[in-house]
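With full-length UniProt numbering, the residue at position 444 of the sequence shown is 444, and numbering never jumps.
Any given hint could be a false lead.
To be verified - Label pairs and their computed distance ranges (CB to CB): (1) 338 <-> 148: 30 to 40 Å; (2) 216 <-> 153: 22 to 32 Å; (3) 22 <-> 533: 55 to 65 Å; (4) 178 <-> 223: 33 to 43 Å; (5) 474 <-> 429: 57 to 67 Å; (6) 16 <-> 535: 25 to 35 Å; (7) 290 <-> 326: 19 to 29 Å; (8) 533 <-> 191: 22 to 32 Å; (9) 539 <-> 290: 33 to 43 Å; (10) 474 <-> 120: 42 to 52 Å.
Since the hints were made in silico from the structure, they are not lab data. Cβ atoms here follow ideal geometry from the backbone N, Cα and C, with glycine treated the same way.
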Amino acid sequence: MTHWAELVELYEYKVADVVGGRVPRGGRRSLADLREVLHSAPLEPALYHRLLASERQYRAHLRGGSAPETPPPAVPRPPAPEGARPSWTPPVTGGAAEAQAWEELRQLAWYAGLRTRLLHLGRALQAEPERPMLRTLYAVVENAGREARGVAERLAVPAAHDPLVSLHQPEVTRDLMLTLADELLSAEGRSRLRTALSDIHEAPFPRHPDEDVLAARLEAAEREPLAPAARAALVEALRASSPQARDPRERPAIREAARRLQQGLDELLADAPGPGLGLLPTRSILYAEHAEAALPAPDDGASELVIHLAGGQAARWRGLDLRWQPVGPNWQLQVNGQLALLRPDRPPAERLLTLRAPDLTLRGALSGTHLLLRAEPRSPEALGRLAARARVVALLLDPGEHHANLRLARAAVQFLRDGAVKAGALGPGSAQRYAGAPDETLLALARKGAEGLTARLARLTPAGADAALRASAAVLGLSPERARRLHERLHAAAFIPEELPEPQPLTRVEVPGDGSFVSLALGDDPLTLRVLGRSLTLRLDHRGDLVAAWPGQARAVLGDLLVLRRPEGQILLVRQGTWLGVAAGPADQGKEAPGNAQPASA
Numbered sequence: 001m002t003h004w005a006e007l008v009e010l011y012e013y014k015v016a017d018v019v020g021g022r023v024p025r026g027g028r029r030s031l032a033d034l035r036e037v038l039h040s041a042p043l044e045p046a047l048y049h050r051l052l053a054s055e056r057q058y059r060a061h062l063r064g065g066s067a068p069e070t071p072p073p074a075v076p077r078p079p080a081p082e083g084a085r086p087s088w089t090p091p092v093t094g095g096a097a098e099a100q101a102w103e104e105l106r107q108l109a110w111y112a113g114l115r116t117r118l119l120h121l122g123r124a125l126q127a128e129p130e131r132p133m134l135r136t137l138y139a140v141v142e143n144a145g146r147e148a149r150g151v152a153e154r155l156a157v158p159a160a161h162d163p164l165v166s167l168h169q170p171e172v173t174r175d176l177m178l179t180l181a182d183e184l185l186s187a188e189g190r191s192r193l194r195t196a197l198s199d200i201h202e203a204p205f206p207r208h209p210d211e212d213v214l215a216a217r218l219e220a221a222e223r224e225p226l227a228p229a230a231r232a233a234l235v236e237a238l239r240a241s242s243p244q245a246r247d248p249r250e251r252p253a254i255r256e257a258a259r260r261l262q263q264g265l266d267e268l269l270a271d272a273p274g275p276g277l278g279l280l281p282t283r284s285i286l287y288a289e290h291a292e293a294a295l296p297a298p299d300d301g302a303s304e305l306v307i308h309l310a311g312g313q314a315a316r317w318r319g320l321d322l323r324w325q326p327v328g329p330n331w332q333l334q335v336n337g338q339l340a341l342l343r344p345d346r347p348p349a350e351r352l353l354t355l356r357a358p359d360l361t362l363r364g365a366l367s368g369t370h371l372l373l374r375a376e377p378r379s380p381e382a383l384g385r386l387a388a389r390a391r392v393v394a395l396l397l398d399p400g401e402h403h404a405n406l407r408l409a410r411a412a413v414q415f416l417r418d419g420a421v422k423a424g425a426l427g428p429g430s431a432q433r434y435a436g437a438p439d440e441t442l443l444a445l446a447r448k449g450a451e452g453l454t455a456r457l458a459r460l461t462p463a464g465a466d467a468a469l470r471a472s473a474a475v476l477g478l479s480p481e482r483a484r485r486l487h488e489r490l491h492a493a494a495f496i497p498e499e500l501p502e503p504q505p506l507t508r509v510e511v512p513g514d515g516s517f518v519s520l521a522l523g524d525d526p527l528t529l530r531v532l533g534r535s536l537t538l539r540l541d542h543r544g545d546l547v548a549a550w551p552g553q554a555r556a557v558l559g560d561l562l563v564l565r566r567p568e569g570q571i572l573l574v575r576q577g578t579w580l581g582v583a584a585g586p587a588d589q590g591k592e593a594p595g596n597a598q599p600a601s602a
């Protein structure tokens, strides 16, 4: 029995439990989740018929327990001509355009997750010695692109320290992984990648055309009747005058890298949506064009919602007020006050969106006039982004050189907004107001600056962001090195979430002082952290706020982000519900965060 057959059978059992008055294992929510999975699955015709039969039985039960309608007797079909292959036309519950949009939305949702996974993979490959897999992947993606453009010349796998490739720069690796995601989105792109991988495995790099000539000359030099020193000088001169051939021992390593890449790509594609059958699940689209596919009202128990934007203007789902309206050929979406412009004519990567609400992250994908929204409870990625942002806040709180980092951040915002920096208003004297400000005021100011600057720089290329920060630093008389350090942290906050371990339900913890995050599950009891040689206690106060208290020091309220600076060092705390992340280390002077891949300066 196949995996899908087992799930269909499980669905039939759950429906039978509901119809029989029993609660299915996992509750009715598990039945709804399984239904969503099966309706987007590449089921064979026989399995799809079984699924539809269970659906009819379940809907009849919901309508009041009446027996499902008996389908009309089948009309006898004329016998097929001898030798003809049997055919089967699946039932179509919606128009071809709406079914095509449904299929593309499934592809885009998978593509969004693929981009995130590939960015993390790029960081891992970049950390490998000599980067054999990353160099091989670079050649594979480049050759696949050349094939798509009709360019016959192929690129060999670059050498380990090829300065023209710059794979040590995170922005180069990031662009490479996102290009790979674009190729994997289409069947044609996957075919080109497989062909390029096969070619690289066959010939990682060509033999140098003069390699045999050099070998013959060296052999002849060894036979010359010369003194040992003169013969050695001749051999050295011959080698120096000939182009350097690559070490043939590198080929097995590249072939092994190609094999591992093929295995990794197969794993990435294992959960890719298969080709659709032109079908639309019933009751699946809000304001659908076709009645059979129309969803009467959003289901707050479902994790996703598909909306036909042209059929309505508003909806309320999972506590969120959704409103939209056409703006020329585009759509404007408003979610609890947040605005997003949806542009159907843009490439796939630009038809993805992410909106954040207090208790969940809303991810969307657009196909024509159809929008898919997926609600994700706060996730490790969201906490990782918050942790990366905390490192930016900690850097901005550094009081060195009259709060130079905070002044530089404000200058960069001015530069990006107005094209100029008011140096007089941001000189060292402007930092006097920070000296006596309460800690919570400075924290709020630094966080506002970090979030605003991160959002602005995320819309630029890494080179453009670096140039803007360097130009702002030059106006203030600050060093390019300071601008580079701030750019590193902002780049990580925008694109590279911290990877936090799973939370542990402990009440006393020793926090290492190397800057890495530890994860804890908050409970009802106070939490004691042994950090920087002292004890820090976290507990709920009488108003229900989580507060951090040092012995003999004023308490600080921890919402979702808190940075505590002490003479011994600094403590970073981030929180998402009951998940707490804590890091401690020396006072932040812009040093690189452990485990973060950072952009090199342009």
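Evaluation of the provided hints:
1. Separation of residue 338 from residue 148 is about 37 Å and conforms to the stated range, judged on CB atoms against 30 to 40 Å.
2. At about 29 Å, the CB distance of residue 216 to residue 153 agrees with the hint of 22 to 32 Å.
3. Hint check: residue 22 to residue 533, Cβ distance near 59 Å, so the stated range 55 to 65 Å holds.
4. Evaluation of the 33 to 43 Å hint for residue 178 and residue 223 yields a failure: the beta carbon distance comes to about 56 Å.
5. As the Cβ distance of residue 474 to residue 429 is approximately 19 Å, the hint placing it in 57 to 67 Å is violated.
6. Hint check: residue 16 to residue 535, Cβ distance near 57 Å, so the stated range 25 to 35 Å is violated.
7. With their beta carbons about 21 Å apart, residue 290 and residue 326 fall inside the hinted range of 19 to 29 Å.
8. For the pair residue 533 and residue 191, the supplied restraint of 22 to 32 Å is violated, since their beta-carbon distance comes to about 59 Å.
9. Taking 33 to 43 Å as the suggested C-beta distance range, the pair residue 539 and residue 290 does not conform, at roughly 56 Å.
10. For residue 474 and residue 120, the hinted distance range of 42 to 52 Å is not satisfied, since their beta carbons lie about 35 Å from each other.
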